[in-house]
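Each chain, written out:
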Amino acid sequence: ETGVTQSPTHLIKTRGQQVTLRCSSQSGHNTVSWYQQALGQGPQFIFQYYREEENGRGNFPPRFSGLQFPNYSSELNVNALELDDSALYLCASSLSGGAHGELFFGEGSRLTVL
Amino acid sequence: ILNVEQSPQSLHVQEGDSTNFTCSFPSSNFYALHWYRWETAKSPEALFVMTLNGDEKKKGRISATLNTKEGYSYLYIKGSQPEDSATYLCAFHSNYQLIWGAGTKLIIKP
Numbered sequence: 039e040t041g042v043t044q045s046p047t048h049l050i051k052t053r054g055q056q057v058t059l060r061c062s063s064q065s066g067h068n069t070v071s072w073y074q075q076a077l078g079q080g081p082q083f084i085f086q087y088y089r090e091e092e093n094g095r096g097n098f099p100p101r102f103s104g105l106q107f108p109n110y111s112s113e114l115n116v117n118a119l120e121l122d123d124s125a126l127y128l129c130a131s132s133l134s135g136g137a138h139g140e141l142f143f144g145e146g147s148r149l150t151v152l
Numbered sequence: 007i008l009n010v011e012q013s014p015q016s017l018h019v020q021e022g023d024s025t026n027f028t029c030s031f032p033s034s035n036f037y038a039l040h041w042y043r044w045e046t047a048k049s050p051e052a053l054f055v056m057t058l059n060g061d062e063k064k065k066g067r068i069s070a071t072l073n074t075k076e077g078y079s080y081l082y083i084k085g086s087q088p089e090d091s092a093t094y095l096c097a098f099h100s101n102y103q104l105i106w107g108a109g110t111k112l113i114i115k116p
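In the order they appear, the protein sequences are chains G and X.
Per my numbering, residue 39 is the first one in the first sequence, and the count goes up by one each step.
Per my numbering, residue 7 is the first one in the second sequence, and the count goes up by one each step.
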């Protein structure tokens, strides 16, 4: 087990709704990154937070937003849900956001948008 | 657009046989190459983080090589066991983000 926990594990929403996904980092890790994985594809980088500041963002629209809290846990918020947002959302924590640090993943939150 | 390709997409291997698969990535702006194993219903688990051209890393029966000049990495599994069944993902670290391949799904036949 990695010590990274995500909630909820599964959820169903309808188009236009908003969703919040949560992630608790492994103890001592100050960096959290979020990924979207659609069926049959590799994970796509959404954004990364380091010590409560966003310090990197992938090619996702502004309706994907996040927060990192003082205890380094994190939230991913998605507004105005679209059908294509249906995917597995993975959170990963690391000791730093650098290239050499391995990521510790949670088991993901599976979002279905109807 | 930066792209990471993994081949083959899936692979069936007899228990006890050795196997290998490939990760291809851009040869410019290289920072690191990551390999992860992802078993069904679990979370991805780091195998290797490789940074230097010519790097070879080993963990038990699994090893990996890296060629940053030509943009490829090989993952080898020696004497496959049923517990090796998983999807193996590679990711290329460019600047501040990891760019992932779609994975190679390995199925070990007893």
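It is possible that some hints are incorrect.
To be verified - Coverage of chain X stretches by chain G, computed from C-beta distances (three or more under 8 Å per stretch; other residues unrestricted):
no.: 1; segment: 21-35
no.: 2; segment: 48-62
no.: 3; segment: 104-114
To be verified - Distance condition first, Cα-Cα at most 20 Å in a straight line; then the derived SDA-like pairs of lysine to any residue:
no.: 4; chain 1: X; residue 1: Lys48; chain 2: G; residue 2: Leu49
no.: 5; chain 1: X; residue 1: Lys48; chain 2: G; residue 2: Lys51
no.: 6; chain 1: X; residue 1: Lys84; chain 2: X; residue 2: Ser13
no.: 7; chain 1: X; residue 1: Lys111; chain 2: G; residue 2: Leu77
no.: 8; chain 1: X; residue 1: Lys48; chain 2: G; residue 2: Arg60
no.: 9; chain 1: X; residue 1: Lys48; chain 2: G; residue 2: Gln64
no.: 10; chain 1: X; residue 1: Lys65; chain 2: X; residue 2: Thr25
no.: 11; chain 1: X; residue 1: Lys111; chain 2: X; residue 2: Ala92
no.: 12; chain 1: X; residue 1: Lys63; chain 2: G; residue 2: Gly139
no.: 13; chain 1: X; residue 1: Lys64; chain 2: G; residue 2: Glu140
no.: 14; chain 1: X; residue 1: Lys111; chain 2: X; residue 2: Trp44
no.: 15; chain 1: X; residue 1: Lys115; chain 2: X; residue 2: Leu8
no.: 16; chain 1: X; residue 1: Lys63; chain 2: G; residue 2: Ala137
no.: 17; chain 1: G; residue 1: Lys51; chain 2: G; residue 2: Ala125
no.: 18; chain 1: X; residue 1: Lys111; chain 2: G; residue 2: Gln64
no.: 19; chain 1: X; residue 1: Lys48; chain 2: G; residue 2: Glu91
no.: 20; chain 1: X; residue 1: Lys65; chain 2: X; residue 2: Pro88
no.: 21; chain 1: X; residue 1: Lys65; chain 2: G; residue 2: Arg60
no.: 22; chain 1: X; residue 1: Lys48; chain 2: G; residue 2: Ser62
In short, the hints are calculated from the structure, not lab data.
Glycine included, C-beta positions come from ideal geometry on N, C-alpha and C.
Hints versus structure:
no. : hint                  : verdict
1   : 21-35                 : violated (count 0)
2   : 48-62                 : holds (count 7)
3   : 104-114               : holds (count 6)
4   : Lys48(X) to Leu49(G)  : holds (18 Å)
5   : Lys48(X) to Lys51(G)  : violated (24 Å)
6   : Lys84(X) to Ser13(X)  : holds (18 Å)
7   : Lys111(X) to Leu77(G) : holds (13 Å)
8   : Lys48(X) to Arg60(G)  : holds (17 Å)
9   : Lys48(X) to Gln64(G)  : holds (16 Å)
10  : Lys65(X) to Thr25(X)  : holds (15 Å)
11  : Lys111(X) to Ala92(X) : holds (6 Å)
12  : Lys63(X) to Gly139(G) : holds (15 Å)
13  : Lys64(X) to Glu140(G) : holds (16 Å)
14  : Lys111(X) to Trp44(X) : holds (9 Å)
15  : Lys115(X) to Leu8(X)  : violated (35 Å)
16  : Lys63(X) to Ala137(G) : holds (17 Å)
17  : Lys51(G) to Ala125(G) : holds (12 Å)
18  : Lys111(X) to Gln64(G) : violated (27 Å)
19  : Lys48(X) to Glu91(G)  : violated (29 Å)
20  : Lys65(X) to Pro88(X)  : holds (17 Å)
21  : Lys65(X) to Arg60(G)  : violated (32 Å)
22  : Lys48(X) to Ser62(G)  : holds (16 Å)
Comparing the model with each numbered hint stated earlier shows that hints 1, 5, 15, 18, 19, 21 do not hold.
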